[in-house]
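Visitor: Protein chains in written order, with numbering that gives the first Met the number 0: chain A, 0 to 366; chain B, 0 to 366; chain C, 0 to 366; chain D, 0 to 366.
Heads up, some of the hints might be wrong.
Where chains are identical, the list cannot tell them apart; a pair therefore holds if satisfied intra-copy or between any two copies.
As the list claims (entries may be wrong) - In the DSS-like style, the derived pairs of lysine-lysine whose C-alpha atoms are separated by at most 25 Å in a straight line are:
(1) Lys273 / Lys114
(2) Lys273 / Lys2
(3) Lys245 / Lys2
(4) Lys273 / Lys84
(5) Lys220 / Lys345
(6) Lys245 / Lys84
(7) Lys245 / Lys336
(8) Lys220 / Lys122
(9) Lys345 / Lys114
(10) Lys84 / Lys336
(11) Lys245 / Lys345
(12) Lys2 / Lys343
(13) Lys345 / Lys2
Everything labelled a hint here was simulated from the structure, so no lab data went into it.
Protein chains: 4
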Amino acid sequence: MAKYIGILTSGGDSPGLNAAIRGVGKAALNQYGMQIVGFRDGFRGLMENRTMRLDAGELSGILTRGGTILGTSRDKPHRMPVGGKLLDMTDVIAENYHDNHLDALVCLGGGGTQKNALRLKEKGLNVITLPKTIDNDVALTDITFGFDTALAIATDAIDRLHSTAHSHHRIIVVEIMGHRAGWLALGAGIAGGADVILIPEIPYAVESVAAAIRERSRRGKPFSIVAVAEGAVSVQEHAEQQATRKAKPKEGKKVEAEDTPETQYAERTVRLAKQLEQLTGLEARITILGHLQRGGTPSAADRLLATRLGTACTELIDRGRYGVMVAARGDGAKAVKLEDVAGKVKTVPPDHSWILSARHVGTNMGD
Amino acid sequence: MAKYIGILTSGGDSPGLNAAIRGVGKAALNQYGMQIVGFRDGFRGLMENRTMRLDAGELSGILTRGGTILGTSRDKPHRMPVGGKLLDMTDVIAENYHDNHLDALVCLGGGGTQKNALRLKEKGLNVITLPKTIDNDVALTDITFGFDTALAIATDAIDRLHSTAHSHHRIIVVEIMGHRAGWLALGAGIAGGADVILIPEIPYAVESVAAAIRERSRRGKPFSIVAVAEGAVSVQEHAEQQATRKAKPKEGKKVEAEDTPETQYAERTVRLAKQLEQLTGLEARITILGHLQRGGTPSAADRLLATRLGTACTELIDRGRYGVMVAARGDGAKAVKLEDVAGKVKTVPPDHSWILSARHVGTNMGD
Amino acid sequence: MAKYIGILTSGGDSPGLNAAIRGVGKAALNQYGMQIVGFRDGFRGLMENRTMRLDAGELSGILTRGGTILGTSRDKPHRMPVGGKLLDMTDVIAENYHDNHLDALVCLGGGGTQKNALRLKEKGLNVITLPKTIDNDVALTDITFGFDTALAIATDAIDRLHSTAHSHHRIIVVEIMGHRAGWLALGAGIAGGADVILIPEIPYAVESVAAAIRERSRRGKPFSIVAVAEGAVSVQEHAEQQATRKAKPKEGKKVEAEDTPETQYAERTVRLAKQLEQLTGLEARITILGHLQRGGTPSAADRLLATRLGTACTELIDRGRYGVMVAARGDGAKAVKLEDVAGKVKTVPPDHSWILSARHVGTNMGD
Amino acid sequence: MAKYIGILTSGGDSPGLNAAIRGVGKAALNQYGMQIVGFRDGFRGLMENRTMRLDAGELSGILTRGGTILGTSRDKPHRMPVGGKLLDMTDVIAENYHDNHLDALVCLGGGGTQKNALRLKEKGLNVITLPKTIDNDVALTDITFGFDTALAIATDAIDRLHSTAHSHHRIIVVEIMGHRAGWLALGAGIAGGADVILIPEIPYAVESVAAAIRERSRRGKPFSIVAVAEGAVSVQEHAEQQATRKAKPKEGKKVEAEDTPETQYAERTVRLAKQLEQLTGLEARITILGHLQRGGTPSAADRLLATRLGTACTELIDRGRYGVMVAARGDGAKAVKLEDVAGKVKTVPPDHSWILSARHVGTNMGD
C-alpha cells in the first residue's frame, strides 16, 4: 500500500526549506505514489494537528521562495508552552502521528531539531530528518542548506561595506550570524576579504585586533573591515564564561547559547567597535545584518542541495530506512543515525583549511 | 586656452560618485579638450593641496565601482579641524584654487556641500556642484544620484525580511537611513510592501502602529514589517524636540540633525521594537542596515543619472556657467543657483503622491 | 453606489504589472470601497468572459512577482483570431463589459494597448490605461514601468560581458530589446559603459563602428562592447526600408516593425558581428538577451512607479475621469487623453540629452 | 632561499581566477616570503616573456573582480600560432622558465590546461595547476571554481524566464554552456525547476520532449522551460556523430568538441525550438546566454573555493610538491598527479544523484 508521510519545518528560518519540501513531496507523488501532508508551525502544529494539504499544485512554484510554506516554530516536543506552562507533549504528538496513520515523519531543521526528532524516534515514530541551518553547525553532514545563501548575503554585505570603508578611512564592524560556530563569519570573511575575522572558536584579544588595524594604517590602508560572529568573545569574556560554567555545574540548567538574548550580541558588537575606536583613533561604524541572512530566494546551490537531499529522503522512506538524518556527502546523500548527530555542534576546528587559508592571505583572526 | 578644472567629492558616500567623476572627466578630456585634476578627501584635500591625476586611464573602469576614487570627508572649509581646533580655512582653499590655476571647481556632494560651495563662490571661486546623496533631500532637483541604489538595497532587505516574517509570526523593525527626510524609508516601504512606514515628517503614535499590527493579526496576518527612518520620532519626542528648540533659541549652536550620534538612532529603533512587543504581544526582531545602503555598485539608473549630470556639468563649464548646482529635471539637466539650494532640505510634503499612494494600498503611516 | 471595475493586461510581459494590478486593486478595495474583477489573457479573456476574482487575498504577495497574475495576450479587439479567422470582436467585448455591469475598464499595456483602448472608448466604454513596456516608447509619459527593470538587467549583462571581453581581447556584440525605439540599448549602453551603441533612430555605418574599434585597439584597448538594439539598421538597410515604404504605399498593409519575426533581428545581429570580425581582425562573440529582459522581480523603482500609477488610476476612476492614460510626470501622475497617445511611438530624439551624454563620454553611435 | 614562482591563466574565462591568483600570491608573499611574477595571456605570454609584477598592491582589491588581471588565451605550448603557422614552442617556454629562474609555475585552467601543463612537466618544469572552468568537467576534483557562479547566473536566467513563460503560454528554450558535459545545464535546470533538461550525456528524442510538454499542457500548464546544454544532441545526431568517429579513425585529427564553432550550437538550439513548435503547436522563444555565464563578480562560494585552493597551492610549492593539480576534496585540497587528470573529461554519469533527483521531481530528461 502507498505510504503516507508527514512533514514539518522546525527552528529558525533557512533558505531552501521550500525547495526541500518540494523535493520530498514531488518525489513522493511522482515517483513513489505516496501521499504527503504538512504540519504547520513545526512540532506545535503536529501537537495541535494543524495540517496543510500538499498536492502537486501546492508544491508548484515554491522552489525559489524563501521562508517555509508550512510555517515554523522553535517549540520542542518535550517542553512546549501550553497554557503558560512548559509541558512534555511528546505523547500527544505520537498520538497524532498514529491518528493520522503516518508511515513516516520528515523533520526539516537544525541541531535542535535533530534532538527533538531523536526523542520522537525513541517513542517509536518513523522519523527522518534533513539538515537545514544557515549556521552550518550540524554534525556529520558536509554542509546544511541555507548556509550558501547566507554566505552570499553576508559576503555581499562585506563587498558593499568595503567601498564605503575605502572612501572614508574608517573601521566597519559587521556582525554576522553564528552563536556557537563561526562558519558563516569565517566563510564570508574570506570570500569578502575581511581584514579581521572573529569567531566563537577563537577567543580574541582586542589589542591584537587594534594592532593589526594600526599596522594596516601604517601601510597606507586606513580602513579595515571586521567581520564578527555573534558568538565571538574576547579572551577575558571566554575565561569568565568558562568560570561560570565550572562554578555552577549543578544548578540544573545548562548555560546554553540559545539563552543569550539577541540584543546581547548587538551590545557586545557595539562595545567591540567602541574599544577599537579608542585603541586605533579611527572612527568605527556598525552594521547588524540580523534576519536578512535568513530571508529571500535561496541560492542556486542551496536549491540544488535541498532538492537532492529532499528526493534522497523520499527514496530512503521508500526503502523503510528511518531514524536517520539525510546528510550531504560529496555529490550524494548518506543516512546517518540520529543518535550520532543529536546534541553535537559542528564548530570550526582550529586547524581547519579555511582558517589556514584566512591566515595565509593575511587575515587577523584575533589571536 | 583649454580650461583646467578641479573636482572633489564631499560628505557621506553615495553610489554613483565615480560614474559622475567619469562623466565630468571624460567629457572634459574627449569633448572639450580640458584638463582635470582631482583633490583627495573632499575640501580637506583641496586645503592641503593633495591632488590625484585624472587622465583617461584613471577614468577607465570606474563606472561600476562604489565609493569614490577621490576619497571624501565631512570637513567644511570654514570649520576645519586643524591641529585640534576648528579653523576657517576658506582663504587657504581659495589660495590653492588660484595656485593650481583652476578655471572651475566641481564639488560633488549633498546638502552640506551646497552650503560649502556657496561659501567658496562668495570668495570668488568658479564653483559648480552635483547633487549626490542617498537621502534624496537636496532641494530643487528631481532626484539625487545614490538614491536609486539605496532604494534598491533597502527594498531588497524588506523583501528578504518578508519571507522570514511570514514563517515566524513576528514583527520585524528595519531601520533605514534618513535623518531629516523620509524619502528612502517611504520609497523602499512602498516598493517592498512594508505594513508600517515611519518617517521624520510624520511624528508617529506608537499605539496607532500597534493597533494596526493587532488588526492585521486579527485578519490572519500575524507578521508585520515596520520600515522606520533613522529620524522618525514619536509625537511625544517631536513635541520635546520642538520645545527644546524654542527654549534655547539663542544659545548659539543650532540643534542640528547631524549632531545626533548614529547610535542614538539605533537606540530609538530598539526602544520602538520593545514598545511594539509589549503592545502587541508579538516577538520583534531588528535589522539595522547602516552603511550597507551607501556601498556597492551603483544601480543602472544611478549610473545613467550620474553620467548625464556629469557631462552636463562639463558642458556648463565650457559655457562659463558657474555658481550653480546641476539639477536633474526630467530627462535633462538644469542649472540652479547655489543661493537657491544652500541650506534647504527637501523633506516629503504631507500630501505628496508617494504618501497618498502608501495610504491607498493600506499602509499605516503612524498617525 | 460602489463602482465595479474590470482590469486586464495586454501585450508583452513587463515587470511591474502585478505591482500595478495590486496598486489599482488595493486602492479600490481599501480606499474607495469599489469591487474589482480581472479578465484573463488580455482582450481575449474579456471577449470570452474569462474572469479572475481579485480580493485582498489575491492581491497579497504579488508586489515582487514578475509576469502578470492575469495572463496576457497580443490579441486585438478588432482583429482577433477566432476559428482560424481574424474577426472584429469589439462589439462582443462591449457586450461583456455591460453584462458584467462594469463602471470602468483598466487596461495595462504598451503602445498597441493604447490604440485598442481607444477603440473601446469609441464604443462608449469607460476605459483608462496604464503605460507599461520595457521599451519605454509610449508617448506623453516620462517613463513606463518595466523599463527600469529591463535597464538593470541589460546593464548587468554588459557589466558581466565587460570582464570577459577584458580577459580575451575580443568584440562582444550584445543584442538588446527595442524594435522601434533605442531607449533600452542607449540607457544600458551608457550605464554599462558600452563602447559602441547602435539604435534604430541612428542608422549606422559599419565601417565607422569598425574604425572606432580599431582606434581603441591602437590605444591599447583590444576589446570592445557593442550594444545593439533589435531594430538598429545600417545606413544601407535604412535606405532600402525607406524605398520599400515609398514604393508600396497603397498595398494596404503598412510595413510594421511588429511584423519582423524575432529571428530576423538575431540574424541581423550575427551578420553585424561577422562584418566587424572581418573589418577589425578581432574575434567576435554574441549574446542575445531575449526574454530575460522581460522577466523576474521588478526593480524597486518600477514597483514604486507601478504602485503610484495604479493608485492614481483608481483615484481617477473615483472622480469619473475616463478615456485617458495615467502618465508619469515627475513624482506625480497626469491623465492624458487616449486620442493624444494612441498610434504614437516615442523614439529617441537625435539631440536627446542621453545621446549627447553618450557622445561626450566618447561612445561611438555608429554615425 | 626564497622561492620564485610564475603564474598564468589559460583557456576560457572563469569567475574566481583573480581570487585564485590573489590566494596564491598573498600566501606566497605573506606566509612564505616567496616572490611571484605573472605571465600575460596564458602560455603565449610565457613564450613571449611578457610579465606582470605581482606585489601586494596588485593583489589588492581583485578578489571580487571577474575575468583575470593576467589576461588569458587558448594558445597551447605545442601548437602555438606563430607567423601564421602552428609551431611547437615548448622549448622556448622551458627556456623562459629557466631564464626567469623560476622555482615553480602555477597554471590556472581547465581540461586543456591540465594537458598543456603535463607537457611542460615532461620537459622538466615544476608545474602545479588549479582547476577552473564553468563547465565543471575536470576529472578528480569535486568541483572547479567558476562553476558555482555560472550555475547562479544560468539559474537566475531560468527564474526570469519562468515568469514570462507563465504569462504567455509558450515554450522557452534556453541554451546553457557545456560542450561535452551537462553539469551546468543539469544543475541550473534542477535549481531553476526547468521542465525539460537536455545534456550531452543523454541523447534526446524530440518526440519525447514534445510529448512531455503536451502532457503539461493537458494538465493546465501551457508553458514549459527547456534547458539545453550546448552539446546536447538528438538520438539521430548522436548516431551520426558516432558513425563519423568510427569511419575516420585514422585521419590523424580527432573530432574534438572544441572544433565545433559556437554558432553551430546556436543553430542546433534554433532547430530544436522550431521542432518543438511544430510538434506542440505552442509558440517558442529562445535565449542564448553565451558569455554572460563567464563574466562578472564570482559568487561567494567560488571566491572561498578559489582562495583556499590558491593558498593550498602555495603550501604545496613550499613543500616542493610539483607535477600535480590542486583538487578540491570536501573542505580541503588534495594533490592529484597531472598524469591522472590530463585528457580526461568528467561527464555526468547516467545514474548520478543529480539525474535521479531531476527525474524524481518529474523533469523530462529527453529520453
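Visitor: Give a verdict on every hint.
Guide: Hint check:
1. Lys273 / Lys114: Close neither inside one copy (39 Å) nor across copies (32 Å); limit 25 Å.
2. Lys273 / Lys2: neither (59 Å within a copy, 42 Å between copies)
3. Lys245 / Lys2: The answer is neither: 49 Å in one copy and 50 Å across copies each exceed 25 Å.
4. Lys273 / Lys84: Classified as between: cross-chain Cα gap 23 Å, same-chain 41 Å, threshold 25 Å.
5. Lys220 / Lys345: Neither: 35 Å inside a copy, 36 Å across copies.
6. Lys245 / Lys84: Neither. Shortest intra-copy (29 Å) and inter-copy (52 Å) distances fail the 25 Å Cα cut-off.
7. Lys245 / Lys336: neither (31 Å within a copy, 51 Å between copies)
8. Lys220 / Lys122: Neither, since 60 Å and 35 Å both go past 25 Å.
9. Lys345 / Lys114: within (14 Å within a copy, 39 Å between copies)
10. Lys84 / Lys336: This pair counts as neither: shortest intra-copy Cα distance 32 Å, inter-copy 63 Å.
11. Lys245 / Lys345: Result: close within a single copy only, 22 Å intra versus 53 Å inter.
12. Lys2 / Lys343: Close neither inside one copy (31 Å) nor across copies (43 Å); limit 25 Å.
13. Lys345 / Lys2: Answer is neither; intra-copy 34 Å and inter-copy 38 Å both fail.
Violation of the numbered hints given earlier is confined to hints 1, 2, 3, 5, 6, 7, 8, 10, 12, 13; the remaining hints are satisfied by the structure.
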